[in-house]
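Protein chains: 6
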Amino acid sequence: MRVSVFRRAHFNAAHRLHNPNWSDQQNRAYYGKCNNPNYHGHNYELEVRVTGEVDPETGYLIDLGKLKKIIEEQVEERFDHKNLNLDTEEFSELIPSAEHICYVIFNILREHLDDKYELGVRLYETPRNYVEYPAG
Amino acid sequence: MRVSVFRRAHFNAAHRLHNPNWSDQQNRAYYGKCNNPNYHGHNYELEVRVTGEVDPETGYLIDLGKLKKIIEEQVEERFDHKNLNLDTEEFSELIPSAEHICYVIFNILREHLDDKYELGVRLYETPRNYVEYPAG
Amino acid sequence: MRVSVFRRAHFNAAHRLHNPNWSDQQNRAYYGKCNNPNYHGHNYELEVRVTGEVDPETGYLIDLGKLKKIIEEQVEERFDHKNLNLDTEEFSELIPSAEHICYVIFNILREHLDDKYELGVRLYETPRNYVEYPAG
Amino acid sequence: MRVSVFRRAHFNAAHRLHNPNWSDQQNRAYYGKCNNPNYHGHNYELEVRVTGEVDPETGYLIDLGKLKKIIEEQVEERFDHKNLNLDTEEFSELIPSAEHICYVIFNILREHLDDKYELGVRLYETPRNYVEYPAG
Amino acid sequence: MRVSVFRRAHFNAAHRLHNPNWSDQQNRAYYGKCNNPNYHGHNYELEVRVTGEVDPETGYLIDLGKLKKIIEEQVEERFDHKNLNLDTEEFSELIPSAEHICYVIFNILREHLDDKYELGVRLYETPRNYVEYPAG
Amino acid sequence: MRVSVFRRAHFNAAHRLHNPNWSDQQNRAYYGKCNNPNYHGHNYELEVRVTGEVDPETGYLIDLGKLKKIIEEQVEERFDHKNLNLDTEEFSELIPSAEHICYVIFNILREHLDDKYELGVRLYETPRNYVEYPAG
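Protein chains in written order, with the working numbering: chain W, 1 to 136; chain V, 1 to 136; chain B, 1 to 136; chain U, 1 to 136; chain P, 1 to 136; chain Z, 1 to 136.
In short, the hints are calculated from the structure, not lab data.
Some clues are possibly wrong.
One copy or any two copies: either way a pair holds, since identical chains are not told apart in the list.
DSS-like cross-link-like pairs, simulated, lysine-lysine; straight-line CA separation at most 25 angstroms [stated by the list, open to error]:
#1 Lys33 - Lys66
#2 Lys116 - Lys66
#3 Lys33 - Lys68
#4 Lys33 - Lys69
#5 Lys68 - Lys116
#6 Lys116 - Lys69
Just so we're clear, the structure is a prediction, and the values are computed from it rather than from any experiment.
This is chain W alone, in the form it adopts within the complex (with noise of 0.2 angstroms):
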């Protein structure tokens, strides 16, 4: 019996995208809006879908008030309310644009999970722009 069981968390956070290795004119061409050097934000919407077999004896493919509890310390905790671009060692070199946030969060996750359990992130940067890693 193998499913997906899908968990939803959330985080605001302030972002810029910005590459230093380009001029700001060709930031400013390139990322629009988005470039603003003093930030904008988001409410960052989150699901993690998690696949495997399901235990016959709990009726639980996991325990999903774990995986909850590593969402919330290792992804919440870590983003929530901050500066991408300053407040994280993650985002300090990365372009936090939403396709590397979604890649980010999913290598965060996957070590603090079972490698029996196969692992998908979506994240949503607003309710019409979203992002899947890995792809379907």
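With chain W fixed as given, assemble chains V, B, U, P and Z onto it according to the hints.
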């Protein structure tokens, strides 16, 4: 022209997570609040996905009115406003976790759908916790 | 600067609508599926509205962190994952209709809020059925 | 770093399901209310999924501003506030079922996207009925 | 114990905004795309609010099953999958703007509700545009 | 025929809650994570309510296309992808709490609306926290 068509439905039910082979203490420790002997409940939201070839004469993969009726008769009438543990055969022995409920609904619908269709079921226990069977 | 501030919360519970002064037949006829003797349940979604004057020094009407904590301690801990009829004092005698639950939550919160605030409560029993007290 | 990026859009349109090779009676029997000769309508909600490799220099899979513009120019301007049967070439002969509309939009967008991207389209006819092409 | 109870419903319809006393040019200039002579359509979402005193014997303001049935018979059957301009008496002369549709639905429901109840209607033409009558 | 018409819009912004008359320690104690000196951000969702008499000739209370344009030009262009504290005149001195942002938007829109209309503004800072001005 191979497409997936989705139909949503819902039902409200009470349940309790409890493994009769364990002590009460073990059950409380593992299932926490979900082990409440007097039950708690949810608004279950169901998403049924049917996949196959579109009939070029009708433009339909499947008549959604018929699919809606199958879901109403086979799932909603069976589980809506019920205590899953006490009022249903399906969960008289099987622990009614979201994983198991999703799997049971898949099997019920599978019997009532033509073999030419592929089937998938997603069950939302809350807007933040949900399950998909089979895994994508 | 008089504003209303809203905070949402939720809890999952089982309940049964049953008037002990009526016959079983009367109860079934009036409450229909909601009279199921084995209970059914809901994901209750709660919207708390607090109205008053903004403090110009802080920019806040009320510290939402404190309001969130009051709701968690006074409403969620009391009702979440409970059987309203069996596990709560509030509904040992009172029929736990959405109207009554909304009214009870209003009275609980009213006691824990400073008198300078006006209070309103909206309770969603399902996304299609909800109640507001006091009436607008 | 292979990801999927999603963008949502919407348009409002009128349509009628009717097969000109059938009698009026057959059409009414098969399509029911959707066969109304005077049309009915929907708020169509569109989810476009683009899959490929993230460009490490920009952190983007695709410039979402450009994708948004393609969807506006190629889908919204073509179908928004239109009668699909009478006002569009695409459905002058093809029955405008949700399945067909989804397939037509896929083909329109496919022509305007670089071949290096994989494409998927989900079309919501109502919040409870939707279609995905190609099937996942 | 004075409360408001809300019930949601929906219907899909086609319409056209056109004032027969104006020239075609005036109509196009004023109503824009909504003046399309071939109609366009919407998923109308309806929120009905009923206000009054809770009956202490039942815990109900109004039997929501009965309210649901009134809405189905009086509103959904009348307008669902219809062309409001061509298929309904109500809008044969009256321009079917969201404001007017909301007002018409209020008057239909008012006739079928006991005078002891206060009534309010909110009509969503899209998730971003909606109307309430009477004004709060 | 007095109705309210609603229009939704949104913008994404960064902000910081900080009272310059307090010590850093007082600010951190009072505003918690919202006092982060490097800012954090939100997807602000705005609901504008306009109330008045429907024009019987047009069926409109107000041309929603014009209202949409006023909101875009006066609110979205001013605040979208901005740092409210650093990039806007409105919050160079005023603490950008949700209460104050809602009040400021009300005053901006009030200047651009005909006096015959009553105005209300609701601002969602997150889907669980929101503010309304003036209070209902």
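*Compare the structure with the hints numbered earlier in the document and write down the numbers of the violated ones, lowest to highest.*
Hint check: nothing fails, all pass.
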